[in-house]
Amino acid sequence: MWRIVYALVGGAILMAVVIAGFLYYELSGDDPETFFDNPVKQFKYGSTGGDLLAGLPAGIFKAMPMLCRDYLPGKGWESLGFIFEEGMDRPVGTSRRHSLGFDRIALNCAACHVGTYRDVPQSPRRVVTGMPSHRVDLARFTKFVTQCVLDGRFNPWQVIEAAEQTGEHYSAFQRLLIKYAVVPAMREAVLLVRDRFRFLDREVESGPGRFDTFNPAKALLNWPFELLPPREAVGIVDFPSLWLQGPREELHMHLHWDGNNDSVEERNRSASFGSGAVPTTLDRQSLKFIADWLISTANRPPKYPFPIDAARAEAGKPLYARYCASCHGASGSDFSGGPSGHIGQVEPIDRIRTDPCRLDNYTHSLSAEQGNLYAAYPSERFSHFRKTNGYANLPLDGIWLRGPYLHNGSVPTIRDLLESADRRPKSFYRGYDVIDQRKLGFVSGVAEENGVKFFRYETQCVDAACAGEPNAENRHDDNVCVPGKWAGNSNRGHEGADYGTEISAEQKDAIVEYLKTF
Amino acid sequence: MALRSRWKRWTATVLVLVVLVAAAGGALVWSKFFKSDKQQLSDDPVARFAYGSLDGELLAGIPYPIFMILPRVFPDLVAKYATEGYGPQKPSYGGYGAFGLAWQEGERLPFGLSIKRLGYERVTINCALCHTASYRLSAEDQPRFAVGGPAHTLNLQGLLRFLIAASHDERFSATRLIPEISVHFPLDWLDWGDYATVLIPATRTALHLVEGQLGWMNEKPAWGPGRDDAFNLPKYILTQTPWDDTTGNTDFPAVWRLGTRKGQLYHSAGEAKSLYAVVATSAIGIGSLPTGGFVERNQRLEDFIARAEPPKFPRPIDAGLADRGEALYRARCAECHADGEKRTGTAIPLNELGTDPEHIRGWNQANADRMNVVVLTLGAANADVEGAQGGYVARPLVGLWLLGPYLHNGSVPTLWDLLSPADKRPGVFYRGYDVVDFDHVGFVSTGNEAEANGFRFDTGIRGNGNGGHLYGTDLSDSDKSALIEFLKKL
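From first to last, the protein sequence lines are chains A and B. Every letter in the first sequence is one number past the one before it in the numbering used here, and letter 163, counting from 1, is 163. Take any residue in the second sequence, count from 1 to its spot, add 1000: that is its number in the numbering used here.
Some hints could be false.
Claimed, not checked - Simulated restraints, written as ranges between beta carbons of each label pair:
no.	chain 1	residue 1	chain 2	residue 2	range
1	A	S333	B	A1206	56 to 62 angstroms
2	A	F35	B	L1190	35 to 41 angstroms
3	B	A1027	A	L176	39 to 45 angstroms
4	B	W1030	A	D37	46 to 52 angstroms
5	B	V1198	A	E205	47 to 53 angstroms
Unchecked claim - In silico DSBU-like links for lysine-lysine, alpha-carbon gap of 35 angstroms or less:
no.	chain 1	residue 1	chain 2	residue 2
6	A	K143	B	K1038
7	A	K288	B	K1035
8	B	K1220	B	K1080
9	A	K426	A	K387
10	B	K1312	A	K387
11	A	K387	B	K1038
12	B	K1038	A	K288
13	B	K1032	A	K288
Hints are computed from structural coordinates only; laboratory data are not their basis. Ideal placement from N, C-alpha and C gives every residue a C-beta, glycine not left out.
If we strip away everything but chain B, and leave its shape as in the complex, we get:
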């Protein structure tokens, strides 16, 4: 009897101890890895758009200290992946700037990267990554940033390939990363252990998983800066559709003044019918789960891009010439591109438009249905995404001077080229160089500087076709100049 009660007491004590240790351990794990802090960010809507978290930390967050020091551990890999496909003279900078990210001086990270604590500070991406334009007015100018504009310099594919390559490199180890981290971040022995046993291996593994999901990229034409395979990304990753041989490389669009587009079609080929659908599916696509503040945040984003404005054309405009151009615009362009006109915001059928068809082939109604199921399953309201609408959407022209290269696939470098017949448009040019071409409107795409800093874009490659949209190509040179002068004002 005495023996049994002693055993009982022992057992009880041990149990209590186990529970206590487990609770302490659990609390530690929770505070180290999952305790969430409110993001330190001003209430300025631009700052929130630029650096605000979409709460994707759990699935898609890379520990900030690891993210920050990767380029300096792998400068050779930065150089390789930041220059692949670019002109032979492309200089390589260390750091993430090499991938053309728009980076405001004095900010912790470039536009479109958020830092939020979930246990530890984690870096995630947000809308501003692909929707902040970086541009210069001359080669000696410093970068200027237009929030909401297309990130035409962003080499997203190079950045992804860099991260993946780093995760396979033997230097991606605690021995190599921790000393580099400890120069900037005070680490106690517990942190040291976290990094060595959890954070670094987990980040490596996560990047391997990303690689598995992106394997199809390597069989398709390069994105080049300012583009991604907009609908194959969700198709293959979110809806886990088997890889096929489509290629849908698409220019990042601007997200300015979208409030005027109610009732119109969104995305290049009209895949969405509402701003809600655009924002919700894009957010889910970059790791934001429809929980917590998902709805409110998306609403804020919708409000922001509904009213966001482009910067004005920064050089004088010849008013007389522009007036003459406006008449031409009314006659030749307004029907499809002016607010309130009957074809504005509709999909112009491919057989009429004649631009590159590849994007449309990649996303049919079945793909859209699967996407809708995923969105509903995750618990968000129905996005009601549709298959490509058999043509490309004629958008209202907002901040046109910063939207080059033009057409949905960014295959025509300047407005002047777009007003030229297809066989007069450049077959090869360099994109991703950030100096504005004030004469032809767009970005400088030829010459030594463009070749030294830009990506060699070959319109002969599948999906890069520069044909079609022949409207206005029959105008005289002086009429074209007048029209372009007016288009600078949009």
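Isolated chain A (complex conformation):
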């Protein structure tokens, strides 16, 4: 009798140990895919640690564009602007990491900082690391994932079937996990993100190459967006380039469009939140490796690959020196600005007069609270964030690849930027990647190519139908963000005699030509 009890108890204990061991073996691993022999590849495909929190099982990530294809503007992740390279089964800007029983995929830095260009429509796309991902539409990505995961098709059976159609094979245990953990957890996560990212519904559509960058920080802190002052609602900015971070760091340049932080290291970790890398999941080894490469001299923009009219560029040089150099540096690699230079410093809003919404979106209260984000790690605590009163003067390295211009990407080409605001295009198309060799930037008049529609950017109301909307002209006369449908999209500012918008057309062309050497 007792023997049977002992045997049963012993058996139960043994079984529990075996099950615990199995679960531990299956779920405990943490194995990021790394490319430590190749910094560029690590930047494009390495992990920030965000995949530990936000990573989707690889099969599901690959299956989603098929499973929910009607929610996408075209075919595959490419239709949201993601770039696929030879030999990789996932787009640039994604990392892969084995944790919690799956290979999981999440976005990384390169999602927003690797772009493409073409010489002419027929030529192949060239992928440039560190260039703004001007074709990637993160807002639509967010929307697509939300729609797909909350769709009826996103049930365990269809998810597993679709994932296995991409070549993935799941064990019985993994199927169990997908059914009882992955799918429910993804729905929970998407609901949470949809709620926290509700600021997206309160601002103009960002379109490709742009995203709201500090409202997500408020979302992390769960601020009540509805109760914040209206002037603080919109924070959409263009993705910046990431070249030549070393000189920027050495010169203590103010980073982010409003110059709210002068530490490259803090900026990197702050941006990593966007990939899901919170303090407890941050992959410090990978990020350090990437950061070292970012500040190295190897991280520089490619040279302008098209012909440059040497004589005209030469004529542009003194004009540039006169109108641009003290704010933007002597050249594309020499960031000194002479005795009165203030490169990388903040230009007060009442001088630069560009769209004030992004500036108003970042507040003293937010900068103070950011000191808390790395609270548990004294040596990593953010201590450089400051509220500023304008936008930072940026060096112009690789400027030919950084269109559209200004912090909100509201001016399609450099040549347009040299006109006063009333002569700049009121609307244009973004996301097309053929270089505009005459005006410098990307060709901005193409609405559609081979069935792919491009995003129409409106700086204000442009037809009679919307004339009755509040602030239809998108004016911010007091340099304070005025709410309205187009708030954040104004193409005003950076104009007047000091900014070179009053010189002759010939002189403007000469400056454009000279900027091609940057």
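Chain A is already provided as a structure; the job is to place chain B on it using the hints.
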């Protein structure tokens, strides 16, 4: 025999095991909950005043990770309690900033909050919470901070109500708080257990206890930002005196240059006769026990506030006008407010002064005696606190431009208003908005911005009376301007 010795051996083994397990458990509990670390803080006296611990962690410490994430779990409660009593347009920020705490960028917590490890990191408050002024020079300026100045933006009552309301909310649970904490703090399974079974329930219970001690607040006029019920707090809580119907809402004073006040009376109504008494009773009042470094720390604090200086008036001063004003000051104000004059630092009798009497009614000699007994019982040197002295203390004027609203109850928004007859002073204004009013001297208290960001202060409410102190109200407008020009220099 053999059986007995075997039993003995068993018993001994079991006993040893029990002792070992208990010791290990005890060591674990000690290191998890009570092991104290020296605070990581620079030696800078300002930093120590701003963020230094008063060693109140044992009684009054909230675990830092819990404290930090509360606003983001309860943004609705932040919005409710940070805006209650304010103008209808009051925007609500998430986070503790919503309660008007002065928060320097790059710091872990606002001025007046200390983090110190006692087992785990715990947040306590210190002097700087109510004695750091936050101000801006214009609506587009960013906050500036004057350590030692009155925290006129701090909505202490709203903050307390928020914490209490959160502790009653079903979201104040391990299920909801731990995931939020684990985003920022690495938690192992042991921590997970601590939070779920000890720290979160204990914090909740402690906040319920606080609520019990503060119940009287709900029957009395609102404090509003920059004020608290200065002597009812210790009366009801420290000395456990039965609640009565007094109301003593008092402006937070500045603690600048107190070294010049030896021999004078302290507090609004002269309740203390020495800086020692002020510091020691205030420290005890916020949970600091008279053990360990109590005496030395209080001495350091006394030294600091004896010499702390206000920032200078940040705009040009018309020297000629100010000179004319100085003569008026000498003639009309100096007798009570200038250093070394005979009435400076004394209590001016209420029947002469005529300001609101409520504060005085709340604290008599019996209350003071009870307080002295508590202080002695806890083991500190006698503070020799006294009952209110039948009037309000005429203080030396230090950093006057940052001390608005004026009078002990903060019932008069600007110096210009204070120089106006009582019936010309605003009956309703908005306080807690932080933009300096350079013309009238004080803070902007009317207009859209003040209404959108300030607390609606009604002088008709009990304890908020704006009468009295009619000195100088008979001067001509040009004399008043001259006098104010001089007062900017103080």
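These are the hints, each one checked on the structure:
no. : hint                                 : result
1   : A:S333 - B:A1206: 56 to 62 angstroms : holds (60 angstroms)
2   : A:F35 - B:L1190: 35 to 41 angstroms  : holds (36 angstroms)
3   : B:A1027 - A:L176: 39 to 45 angstroms : holds (41 angstroms)
4   : B:W1030 - A:D37: 46 to 52 angstroms  : holds (48 angstroms)
5   : B:V1198 - A:E205: 47 to 53 angstroms : holds (48 angstroms)
6   : A:K143 - B:K1038                     : violated (49 angstroms)
7   : A:K288 - B:K1035                     : holds (34 angstroms)
8   : B:K1220 - B:K1080                    : holds (19 angstroms)
9   : A:K426 - A:K387                      : holds (30 angstroms)
10  : B:K1312 - A:K387                     : holds (24 angstroms)
11  : A:K387 - B:K1038                     : holds (32 angstroms)
12  : B:K1038 - A:K288                     : holds (31 angstroms)
13  : B:K1032 - A:K288                     : holds (32 angstroms)
Checked against the numbered hints given earlier, the structure breaks only hint 6 and satisfies all the rest.
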